[in-house]
Each structure stands twice: as structure tokens, then as C-alpha cells.
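Peer 1: Residue numbers (this note's numbering), protein chains in the order written: chain D, 1 to 259; chain P, 260 to 518.
Hints in this document: simulated from the structure, not taken from any laboratory.
Yeah, the Cβ is synthetic: ideal placement off N, Cα and C, and Gly gets one too.
Treat the hints loosely; a few may be bogus.
As the list claims (entries may be wrong) - Taking CB as the label site, the calculated pair distances span:
(1) D:Arg60 <-> P:Glu493: 39 to 47 Å
(2) P:Ala510 <-> D:Arg73: 49 to 57 Å
(3) P:Ala314 <-> D:Ala243: 40 to 48 Å
(4) D:Glu23 <-> P:Lys261: 51 to 59 Å
(5) P:Pro322 <-> D:Gly136: 54 to 62 Å
Unchecked claim - Here chain D is said to cover these stretches of chain P; the calculated rule only asks that three of the stretch's residues, wherever they fall, bring their Cβ under 8 Å from a Cβ of chain D:
(6) 385-391
(7) 405-418
Number of protein chains: 2
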Amino acid sequence: MKLALLQMQADLTTAEERLDALEAAMASAAAAGAGLLVAPELLLPGYNCPARHAAEAEPRGGPWEMAAADLARTHGVALVFGWAERDGEDVWNAATAIGPDGTVLAHYRKIQLFGEMERASFRAGDAPPPLFELGGRRFGLLICYDIEFPEHARGLARRGAQAILVPTANPAGYEHVQRLLVPARACENGAFVAYANYCGDDGGLAFGGGSVIAGPDGAVVAAAGTPPALIIAELPELGSYPAEAISAQLADLRLPDGA
Amino acid sequence: MKLALLQMQADLTTAEERLDALEAAMASAAAAGAGLLVAPELLLPGYNCPARHAAEAEPRGGPWEMAAADLARTHGVALVFGWAERDGEDVWNAATAIGPDGTVLAHYRKIQLFGEMERASFRAGDAPPPLFELGGRRFGLLICYDIEFPEHARGLARRGAQAILVPTANPAGYEHVQRLLVPARACENGAFVAYANYCGDDGGLAFGGGSVIAGPDGAVVAAAGTPPALIIAELPELGSYPAEAISAQLADLRLPDGA
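Taking the hints into account, I'd like the entire structure generated from these sequences.
Peer 2: Dropping the structure here:
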């Protein structure tokens, strides 16, 4: 399967502009033969616009999910994207996976909210990150700060994740995440990790780009620099990696009492 | 505090040769003002000599521990080193921390034995990795493969470790450990990780060198290449690192049921 990451310019201001950018990327991904595209965190309505999160958040099954499902179906490409989800009084920092036929495959509410803005805007998720099957592979979902904690990726790997998809909004100055922690999560779990970030400035907050797909050997499968980018790469079969390239086999783990 | 790592040539064959090399390193470390030296895994009697592990293993309080304590006391430098420990019928892949006055500060038996040779030679440890205090800092001990699993470093960090010391014997071809996983463990736990390896060939097994001290920001504090080396570096105060350089603050971790 070919996987596409959309590294989107952060300063698109309306949900319509953002859906247009997503549609262009979906069309390009389809033309390149990608089976799945991962877009950044809070693609809708945007990341650094706290006043708009609660004001514009949509429910599950609402117009944003419908628009995303239409794009997936139109282009025959599965899609993972972040969005502000309203459920009654609660607003969540969510991500949804949609299959190429437009059906919802998985929904996730971010567990590890980052910083004061997110904690003021969103309620933290309290359900385990979900898994879904696509193209004969098992994928897991996390969002941004979640991947910095080894526990969440490990939990997905224990439940069989072969690739972990991570919409993110990682500011400039935090490049240790895409340079170091994303490849480490891949290597220590023998799984792919795909991290789709913004670039450019969004209302005074600069994003670092550097979207990356890391392989189970910790090496970069594909990565973007700091400009806007669509990166598309074939995910090799996990079995094609030599066993010694994959670290800390989960089956080997021993935990003494009290450790 | 200045920390020294001894990256030792692997092919020294007798325990006496190895103690001589350790003594020379301790003298240099003392002259350079180091307060603590970390030596590789199974410094005594050696790594790739399985027939000698059971044959030469010494008990706690035996001649190897006494010799190491003498070196620490003579040079006024604390010491962490790996050795084959016999306790009745059991042989362990152990590491001991000895204070500058020659007292034993901590003892550890490797939990994650790596590969068939180690599993045939040693019993796996079943006690949590230990902590000890030195120079106003709290240190933890792991050995080699242990550090590739996020769980063991995390357990030490939860128990207050500010620096994790790791005697290792990491073969050439596994450089993703020192390049990626050691810095990631440091970054995700907001702690230093020091990884002291062999270099050169030991009975047909080539070691990769690359001994490294990684900081809580994931950056390299000091590192060796592939030749024999003694690296000595000041460990900055943890508080001197900006908060945004340290990832995934442990206090932030949330684990939903079933995750």
C-alpha cells in the first residue's frame, strides 16, 4: 500500500479553504496510487484558533464527516484527518479514519491534550486509541502529543497495530519529536509511524513541518522539509525488514513486580 | 558532576587485562575530575566468551567486587561496571555501582537477556532495576538490551531517576540503539542516559562503539566513534534545560482503561 501524508500550510483560515486543500491532495494522492492519506490535527477548523473550536465544532455524522467521506469515496482513497468534534456540551480534539467507500473505520478523541490552549478548548479523550483494518494491514490512531509518550504507541502495538497514524500540529522548536521520538516509537514497536504536520505560520504560531513516515527499523521511509508537501511512499511489508533491524521485540518484554 | 564512559577494546582476554584497562581509565577519569565512570557490560570476564561466564563468575563480595572497590577508593571515583555474578548454581549478567569510598551503592541483574548465548549463559533478573544517590543526583541502572524497551527506563524515571547508566555490549549493525533509542529514552523521560559500549572484535563478534551520553532534550552531551575512547563530560543540571526541550512530561501521562 502507498501512504500519503499531507503537510498543509497552516494559515488557511476557513473550513472551506481547508477542505479545498484536502480535496486537491486527495486527487493527487489518488493519481499517485496512494491507498490512504493522513492530514494534520484539527484540519477543521484549524489549530491555532481557539475561539473557533467550540464555535464551529461539528458532531459525528455532521457536515465535516460527510464532506470527508465524500472526498474519500470520490477519489477512492482512505483518509485520516483531525477535527473539532462537538458532542452536546463537550468539544473534543478528534481524528477519524474513513475508508475508500466513505464508511467510518475508526474515531479517536485525543488523550494527551498539549498546553493551556488545548486544555481550555477540549475535553481529553478517555477511550483507548482505536485500530482499524485496511488493505490487509492493521492501523492505529493517535494525535500529536500522544506519540511522545511511549505508553500509547505501545498499547496500540500490543493490540496488533502494524502502522500508527498521527495527525499533528507540532510547532517549530519541537523538532525532536519528528527527528527522534517518532522514529523511536516505530523502532521499539516494530511498526510504521506516520506523522502529518503543518508548516508555516498560523496566527503567530510557527509550525515545523518535517512530516515523516518512520519504518520499523527506525529509518525514515519518507519525510518532508519545512515547505508545504505531499509525500507518498510505498509501505514495505513488515516481514521484509530483517529481524535484527527491529528493536526490543514485544514478545521479549519482561516486567518484574515493582519495576 | 563530570561523568566518564569507558569505551573499551573488546578483545582483552583475561580478567587481569581488563582490570588493568579499567584502572588506567579510572586514573584518567580521576585526573580529569570525573566523579563517576561507567564501563561496559560483562567487563569481567568479557562478553563473547560463553564458556568462561559460568567458569569464572564470582560472587557478590568476591574478588572482582573487591578489586573494583579498591579502584574506586584509590582514585576517589565512583564506578559502574558489568560482570558475571555467581550465586550458588545461578549465574547472572550483573552490574554494580560502587561509591568513591568503595561501598556498594547498587547491584542489578539484567532483566532482558539478549539472544541465545545470553539466555544459555545467564538467568534473567527478576528484581526491579535499582536506584542510588551520588553527588546529589539520583541514578538508575540498566544493562544493554533493557534500554531498548521503553518500560524499564520509564519505571526508573517514575521512581525518580535523573540519569540512567547502561553498561552495554552492542554489536556492530545495531547502531539504531545508540543513535535513536538511547536519546529517545532520555528525551521521553527528561533524564540523562549514558550508554558505555565496547569497540573492536571479540572472538568474531564486532562491536559498534558509539558510546553516548544523551541529555533530557534528546541531544548528545558527548559521544565516541568506533575506536577505543574515554569520554568525559559535565552533566548539566536538569533544571538548566528549557521545559519545552523535554518531551512527554511524566506528570502529563493519562492512561485510559484498556489502552
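Peer 1: Look at each hint and say if it fits the structure.
Peer 2: Against the structure, the hints come out as follows:
For the pair Arg60 (chain D) and Glu493 (chain P), the supplied restraint of 39 to 47 Å is violated, since their beta-carbon distance comes to about 54 Å. The hinted window of 49 to 57 Å between Ala510 (chain P) and Arg73 (chain D) is violated, with their beta carbons roughly 43 Å apart. Checked against the given bound of 40 to 48 Å, the beta carbons of Ala314 (chain P) and Ala243 (chain D), roughly 31 Å apart, lie outside it. Judged by the Cβ atoms, the range 51 to 59 Å given for Glu23 (chain D) and Lys261 (chain P) holds: they are separated by roughly 58 Å.
Taking the beta carbon of each, Pro322 (chain P) and Gly136 (chain D) are about 59 Å apart, inside 54 to 62 Å as hinted. Coverage of a stretch by a chain is defined here by at least three residues with a beta carbon nearer than 8 Å to that chain's beta carbons; for the segment 385-391 of chain P and chain D the count is 4, and the condition holds. Against chain D, the segment 405-418 of chain P contributes 7 residues with a C-beta closer than 8 Å to a partner C-beta. That satisfies the three-residue criterion, and the hint holds.
In terms of the numbered hints stated before, the structure departs from hints 1, 2, 3, listed from lowest to highest.
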